[in-house]
Amino acid sequence: MKPRILFWLWLAFIALALLPGLSPSVAPLGILHSLRGWFWLAALLVFALWLVQLVVPPASDALRRVTAKRAVKSLLSALSDGERLILCLCLTDSRQSVPFGLTDPDTVSLVQKGLLERAEGLVDIRVCPHAVPDFVWKHMKSDEDSVWGHWDRNSPEVRLALAALRDRISRNVQEVRHHNVEMGDY
2 MKPRILFWLW
12 LAFIALALLP
22 GLSPSVAPLG
32 ILHSLRGWFW
42 LAALLVFALW
52 LVQLVVPPAS
62 DALRRVTAKR
72 AVKSLLSALS
82 DGERLILCLC
92 LTDSRQSVPF
102 GLTDPDTVSL
112 VQKGLLERAE
122 GLVDIRVCPH
132 AVPDFVWKHM
142 KSDEDSVWGH
152 WDRNSPEVRL
162 ALAALRDRIS
172 RNVQEVRHHN
182 VEMGDY
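Using the numbering used here, the letters of the sequence shown map in sequence onto residues 2 to 187.
Hints in this document: simulated from the structure, not taken from any laboratory. Don't take each hint at face value.
Unchecked claim - Per label pair, the in silico range of CB-to-CB distance:
hint, residue 1, residue 2, range
1, 68, 45, 16 to 26 Å
2, 69, 94, 17 to 27 Å
3, 2, 169, 17 to 27 Å
4, 4, 70, 47 to 57 Å
5, 168, 95, 34 to 44 Å
6, 168, 79, 22 to 32 Å
To be verified - Below are the DSBU-like pairs computed for lysine-lysine, each with C-alpha atoms no more than 30 Å apart in a straight line:
hint, residue 1, residue 2
7, 74, 3
8, 142, 114
9, 70, 3
We put the CB at the ideal spot given by N, CA and C, even for glycine.
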């Protein structure tokens, strides 16, 4: 039941409980007078339900956010080097989506872990857009060290690996575009 309905129900029970106090000599009010204790009890119960409706949903949402954040943090700490490289590329280039083939093992693993989402609809199997879900992206942006892990983001090896990954993505995209132009899809 919605909190606003419970609030109005609570007010109605309060009114019914206070109404017999006006004139107990009138016959219908006399019946209400005998039920006055029940109206107060009902008002108290409805008020308690109203408070529960106001407090429990925000608390459960907060608990769900904390649980999701812990899950993302544990998943990020257990990434393979290839998976970590893909997510580091997203952070370095400040982009939430990357095109990878549907059969790329690191991408498939990230999709299975829930750290990447595959685009829906008609996509080319060689280059399919994958996006980092919003809640994962927010965590990655707020705690970049958890994504980089033990890697030094300024080391030449990491920069070369990121450049090689960018080149691989660029080549795959160009091949698909070239193929689509030849086939008349563009």
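- Query: Any hints this thing doesn't respect? Which numbers, in order?
  - Reply: Numbers 1, 3, 4, 5, 7 - these are the hints that the structure violates, sorted from lowest upward.
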